[in-house]
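Asks: Hey, can you piece these two chains together into the complex? The hints should help.
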Amino acid sequence: MSASQTFMAKVASFLPVVAVLVSIFILYGFATGNSAIIWFLLIVNFVSGPACLFFYLLEVKKGVFKNQLEE
Amino acid sequence: MIDFQSLWGGLDWLVLLVYFVGVLSVGVFMHRTASKSFKSFFVASRRLTIPVLIGVAAAGWYDSWTIVGLAECGATMGISILFIYVVPTAIIRLPLAIWIGPYTRDMIPDHVVTLPDLIHYFYDRKTKVLGSVVPIFSVLYSAALLFAVGEVLHLVSGFPIYTAVAITGVGIIFYTAMAGLWGLAVTDLIQFAVMTVSAGAVALGIITYFGGLAPMYEQIAAIDPLLLTPLGHNTALDVLAWVISAAALYVNAQSYQRFGAAKGGAQIKVSYTLMLTLGICFSTVMVFAGMASSVMFPDASTVAEGFWGTVFTVLPAGFRGLFVAALVAAVMSTSSADILISAAILAKDVIKDFFVPNLSDQGTLKLTRALIVVLGIFIIFGTYFWSDGIGKAYYYIGGFQVAVFFIPIVGGFFYKKKTATGGFITVLAGIFGYAIWQFGLGSPFGVPSNVFTWVLSLVVYFIACNATYKGGSNGMKQVA
Chain A
0 MSASQTFMAK
10 VASFLPVVAV
20 LVSIFILYGF
30 ATGNSAIIWF
40 LLIVNFVSGP
50 ACLFFYLLEV
60 KKGVFKNQLE
70 E
Chain B
0 MIDFQSLWGG
10 LDWLVLLVYF
20 VGVLSVGVFM
30 HRTASKSFKS
40 FFVASRRLTI
50 PVLIGVAAAG
60 WYDSWTIVGL
70 AECGATMGIS
80 ILFIYVVPTA
90 IIRLPLAIWI
100 GPYTRDMIPD
110 HVVTLPDLIH
120 YFYDRKTKVL
130 GSVVPIFSVL
140 YSAALLFAVG
150 EVLHLVSGFP
160 IYTAVAITGV
170 GIIFYTAMAG
180 LWGLAVTDLI
190 QFAVMTVSAG
200 AVALGIITYF
210 GGLAPMYEQI
220 AAIDPLLLTP
230 LGHNTALDVL
240 AWVISAAALY
250 VNAQSYQRFG
260 AAKGGAQIKV
270 SYTLMLTLGI
280 CFSTVMVFAG
290 MASSVMFPDA
300 STVAEGFWGT
310 VFTVLPAGFR
320 GLFVAALVAA
330 VMSTSSADIL
340 ISAAILAKDV
350 IKDFFVPNLS
360 DQGTLKLTRA
370 LIVVLGIFII
380 FGTYFWSDGI
390 GKAYYYIGGF
400 QVAVFFIPIV
410 GGFFYKKKTA
420 TGGFITVLAG
430 IFGYAIWQFG
440 LGSPFGVPSN
450 VFTWVLSLVV
460 YFIACNATYK
470 GGSNGMKQVA
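Chains as they are written, first to last, in numbering that gives the first Met the number 0: chain A, 0 to 70; chain B, 0 to 479.
In case anyone wonders, no lab produced these hints; they're calculated from the structure.
It is possible that some hints are incorrect.
No farther apart than 30 Å at their CA atoms in a straight line, the calculated lysine-lysine pairs in the DSS-like style are these [unchecked claim]:
(1) K416/B / K125/B
(2) K262/B / K415/B
(3) K35/B / K61/A
(4) K38/B / K60/A
(5) K262/B / K38/B
(6) K351/B / K365/B
(7) K60/A / K262/B
(8) K351/B / K35/B
(9) K61/A / K38/B
(10) K35/B / K60/A
(11) K262/B / K9/A
(12) K125/B / K365/B
(13) K262/B / K61/A
(14) K61/A / K9/A
(15) K35/B / K469/B
Isolated chain B (complex conformation) (with noise of 0.2 Å):
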């Protein structure tokens, strides 16, 4: 196996360096500039225009997994991962780009600014109250994301992993506390950058060691040549069980907070379609790494160390450095986000709605930067508990987020006929169907629990609206 101690250097260690510096200045310099109001530190003021929202939506879409997790699925399940998943994920949630985002920024009220808000305004406080709850969990998959950063530090420099995960957690702090999204919209430029160039270098480096893609579907084929097929070894389960997955964002708070954060809906728009465009274009360089992985290093001990294994080996010194500054971009960004929006909706839809209603708004940010940093300091010590992979971090969260939400939001954006009560209901089930179906039941006959979930969800939620509807416009708004 390659020694990749031996290949990292103080080049490497420079440009990391470089990187780590950069992000956190910018917490310091756009401090003042995030401290006006809570509106101000939470959605930018609403003045973010499309190069912006097209680095925030990529950084804060695009993390680790998308680097590592899809190279494994690469290596191990070959093309049919573009047909199944990296491709149906950008169509699919191309909805969000075109009518959900431009109609959150521009028929929504201002007020509405966080994930619970926008279900308060579909349905009521009491489905509010569930929806404040599960986006908060979304924490624990960043202390999964900065697991696989201590893990990769230590794999390539001999870093410990610990020491790792805590820097780079303290950093995530320290920038997001500082200076809220007007921060992290400026990192996550810089993050994005830095990701697709080492995506470019990576893909150049693979193309030019085996000399075209013919050759290495050659070697792929004398492996297993139904890795070179649109649909693998995949049942027609697996395959929907992945489509339904890319339908995570239309539940993911973080999407709506930077729809709000737009300057308007034709900015939501241009960036998001394009975002979707350009993430298709990384996602896939991410899989032809881990298929060039599986032929480079067939031998190697996990799928992971194949990938690195690869990336080493065609990337020059400096370079790496690099590539390993993408993988921990790609994780700060999304983690910031987590930890930002858990944040404010503890202070603002849990403490300030609920129990402290005075709270002035100055207050409700002071409280936000709080949380996030006690929450940032939850995530380093979750890595001690969430170390068993990033891959079953985001199957079973972002499985019983689909499940919970995707129903009721995308109804109450479109579905002329919701109620309150229909709402709730469906909220209530999609928890109490999820948990049933995934660790009551295990989930049987080979159904998997988001695939059940969603399809209970949907169910339940025509019934119960049906039911409950008393004609009119129930004083709701829909898109059509």
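Extracted from the complex, chain A is given alone in its bound form (with noise of 0.2 Å):
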């Protein structure tokens, strides 16, 4: 298994925690009134689907479609 392969793995070995947690950050928040919540959930997405796309262009950049053309 390659480093990044092994980087990669513990990172979705990882993410369904983090998933867990953000649920119950959500749910703790709206059941309190808390609006730190809303602060989190408007900078988490004005973030991540700019950044996806950002991502994307970088891989794109990189070259994603040059193989399946060359094939």
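Replies: Structure (structure tokens):
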């Protein structure tokens, strides 16, 4: 297994925990009426979509379609 | 009531136009890449990486119901919808991201590219026939989604409903037929970005308007304090029905298509788990917007009108257009995926497998493209016959799919004693069980049809599989 695959495996095993923690944070925030949860949500939403698009464009620059066209 | 049309201006139209032209351009740009083979067209040559997978998964799974539907739930059910649907949905779907998705990509042979293929792989040809017909009904849901776009554009700008439906529908047909999943992958990413930025903007607008969550809660508590409790007005059966409806994505043909399109199982684990987390954040903002609308526009003629009134009150010009574009994006991404999958299943799993076995790969690709056009036109006209609410469409179609396929598919992955006969009997029991309970008996004792048929399928599956199991592995495989 390469270094990047090992890193990805570690990230993959950690992310479900993040999902559960975010869920608890959101439920707690809404149950208690804490405004911090809204600021958290708006930052995540503002950042996530454009970040995905940015990383995708980086991959296109690296040649993600090149191999497909050469097949 | 708020005068939407006085607030909707040239800048909003411009934002919507830029989005629309951008999405159509992708179809033209990706046409060549998608035309090499059926595999290239349908599963993007199995090359999708993490950022793209997050975009296609989110844009495909989250549709206009996630925006308007959840906002309506936020207004009428309060925070309980977070406790009984939004968060449980994500948690219940985690096994898809962690086990089923990676297994589908890494362990199942490359020739299995559609949901009916997977059913055939687990069971037999008979079950595949049933599995080929039911997912095609998802196009009815697309008709309902498309109508929602027409309604919203009409409400906010006065644009004729069916003109909006036709333009959006033709746009979907164009880029889906031109570029298949290669095109959808890119358009979904654009659509995902539009959706999340819009959600961030509306959250900022609302929190600024109220000056915090506490002032909003005080006003909601004055109307109905139960809206601020975890279970709200829901009964135990309501909660069960909501939770079970979250399992619908286990039988969603889109899910398996995208798993097959990933570069590898590790990419699925990372991207889908991330997407589920981001999905909770997106959905929660819509619930929050709905809750805000219940106190900002308590006298609105419909809950949806109150929601749009809230959006138009808290957002500036341009961002209103972006939010409407987000709704259009959510519909286009989900509908394009449904049309692509239904056309591919019809072309490959029905016409090629049962009627024209000698059809070449390029022939299958051409046929899929032709069927995308036919189904797209069917959906546009379907809006005339399915215009009484996407909530009802979601309830019936989502419930029906869960009833029929949830147990056989999950059992196919995990149950060591599965048999072809057991799978076939379970699918039949699901179809008849749902139809009788829902339409014959009218859901007696207050038990929702999806709950009844899910339990029925579970019982039938284990009895039928054990009764027909003859030892050994049956030549079948499972995750564990």
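Asks: Indicate, hint by hint, whether the structure satisfies it.
Replies: Here is what the structure says about each hint:
no., hint, in the structure
1, K416/B / K125/B, "holds (19 Å)"
2, K262/B / K415/B, "holds (28 Å)"
3, K35/B / K61/A, "holds (22 Å)"
4, K38/B / K60/A, "holds (24 Å)"
5, K262/B / K38/B, "holds (13 Å)"
6, K351/B / K365/B, "holds (12 Å)"
7, K60/A / K262/B, "holds (18 Å)"
8, K351/B / K35/B, "holds (19 Å)"
9, K61/A / K38/B, "holds (23 Å)"
10, K35/B / K60/A, "holds (22 Å)"
11, K262/B / K9/A, "holds (18 Å)"
12, K125/B / K365/B, "holds (26 Å)"
13, K262/B / K61/A, "holds (16 Å)"
14, K61/A / K9/A, "holds (24 Å)"
15, K35/B / K469/B, "violated (44 Å)"
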